[in-house]
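So the sequences go chain by chain: C and W. Residue numbers for the first sequence follow our numbering, so the first one is 1 and each next one is one higher. Residue numbers for the second sequence follow our numbering, so the first one is 349 and each next one is one higher.
No lab work stands behind these hints, which were simulated from the structure alone. Do not take every clue at face value.
As the list claims (entries may be wrong) - Chain C regions said to be covered by chain W (calculated; three or more residues, Cβ under 8 Å): (1) 36-43; (2) 86-95; (3) 216-226; (4) 234-245.
Glycine included, C-beta positions come from ideal geometry on N, C-alpha and C.
Here is what each chain is made of, one letter per residue.
Number of protein chains: 2
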Amino acid sequence: MKSSFARPCIERLRPYVPGEQPKISGLIKLNTNENPYPPSPKVLAAIRRELDERLRLYPDPTSDRLRARIAAAYGFRLDQVIAGNGSDDILTLCLRAFVDDGAFVQFPRPTYSLYPVLTQIQNGKTREIPFDDDFALDPAAFDARASLTLVVHPNAPTGTPLPQDFLRELARRLKGVLVVDEAYADFANENALALARKARNVLVTRSFSKSFSLAGMRLGFAVGDAALVEALFKVKDSYNLDRLAQTAGVAALSDMPYHRRCVARVVRTRERLRRELERRGWRVVPSQANFLLVRPPGRPAGQWLGALKIRRILVRWFDQPETRDFLRITMGTDRQMDRFLSVVDDLG
Amino acid sequence: MKSSFARPCIERLRPYVPGEQPKISGLIKLNTNENPYPPSPKVLAAIRRELDERLRLYPDPTSDRLRARIAAAYGFRLDQVIAGNGSDDILTLCLRAFVDDGAFVQFPRPTYSLYPVLTQIQNGKTREIPFDDDFALDPAAFDARASLTLVVHPNAPTGTPLPQDFLRELARRLKGVLVVDEAYADFANENALALARKARNVLVTRSFSKSFSLAGMRLGFAVGDAALVEALFKVKDSYNLDRLAQTAGVAALSDMPYHRRCVARVVRTRERLRRELERRGWRVVPSQANFLLVRPPGRPAGQWLGALKIRRILVRWFDQPETRDFLRITMGTDRQMDRFLSVVDDLG
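Looking at chain C on its own, in the form it has when it is part of the complex (with noise of 0.2 Å):
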């Protein structure tokens, strides 16, 4: 027998990380890009009343009452939407379709830090393409010939919008498929949908766990060319969202004005905090995001980090050397961020 039955792709891989979900409560949590909201009361109630003996039946495998949904409120045909067990499991679905072994993916750096994880998983080759000192992007430096290229609007962990000229020039130089991970667009001026409506090679994926307060449930879907979508149906488990989930879709994007007001009180607390650390000196990555990409004064960033856990609130920081300097806040209520700038404040 082997010492080892991995393959040696998986044998080597270094596997994603995922931010901190404590077990303790009264902690302020800033550090995983959830919504400080709760979920549209409408969701819960729905999900309530599908909540009896139908558990028994296996869920529609195809999701049609939520893609039908998401469908019309984003301009789309049915054939078009795919919905998935979060938009992670509509990326893994993406590697899965269009990247064969050795093939090679593309995306920048920084940026979601689950892209390499997933390359790695399907053995296929990976290329970092660098953000230029303010976080914009070439698309002359991005290769025609990868299988597959992904681009986070607007990125994360930096927040910087992706311009929409700039998506339309990388979609059509590129020969393979690119997906504009939009995990945060709902937070941002501008989107890639009338790109992916338009364009053969182009997936949008979206998420309902930042925008729509369901992190909890796994929700996300992509939308594009229907010959992409079926490629992903193709791969995706025969039941890959579960009918608590499909129904908590169905009701929250029934809800739009709750889902509105939620993200224009996010956007306004995003605007005030930046302000407020600005003024205190913070140098603020101009984000369209749920969070901020901020660098501290004083103390190296990572300083920062534990000073600020030992006061109970918690944010991210990505040990890389484009990220080191830096901390990922999520925006929390105004509330729990006035106590985040007054620990700031005695901190400083």
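Following the hints, put chain W in place on chain C, whose structure we already have.
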């Protein structure tokens, strides 16, 4: 741009076809091996208690409470347990962790028709081992060099158990990983858990869909050697189980008396139906699952399928050489089986 962006192995793929999930009610649904009894009331109550603003927060990425319950219930250490979004999720993880591009995967024929699909998605090679006429298997018929060997105990769609000495001998011969898919094992006389506790190359997968009446929640798990489980953890989605599914699993395992009563009722119904059909001249394959594979007399099985459907009874027919003469009938309630028998008598 290419005419298709999908990998060649995906382009060629004929996807798995789940059993029909009818959107109309009033049917007797004996086609997808669901449990006819509702989940434990304690499961519904536990989900209801979890249903609040915490849905805005990510779930525990490693499902620790659920895994601890599974470990205690089945006699494993925590690091020998992984939980998944249905046991299909776990099976997908096994392919991605253990099967390199072009490596080969073997399984009996006929068996769970998802296996060749998962193998193709992974661009692996398929080797099928035919059952003999009594639905038995010879360990020597398997190739020791397969990266992954998948067997279902009791097998689907036959319901036939795999003897323990066969499984031990098979595990001993194989140089790769053996997965014993025990989706139906709660309805059987024996199981492979003792083998999974001992052998370095054996994983047992389980599902909450059938014996715990939770197909709608998507819950499964695998137990076995810690190094195998670690490889599965490396490839799983970061948050593969939502908060309510984790809660449902914990609650289901906390009400084992209810579980055992439901299983015992299904087994009694199976034995009664077997006798009734044999009395009517049907061939019934000896089953230890929650379904019977039966060869009806008088007209081709495909015609029975249609005739039953017109009478609002759904069963499953697999149009493959080995199974074309058979129907697979999931155990319903006793009243549903009485109705089925009365329709059979009408049609006979």
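Outcome of the hint check:
{"no.": "1", "hint": "36-43", "result": "holds (count 5)"}
{"no.": "2", "hint": "86-95", "result": "holds (count 4)"}
{"no.": "3", "hint": "216-226", "result": "holds (count 3)"}
{"no.": "4", "hint": "234-245", "result": "holds (count 11)"}
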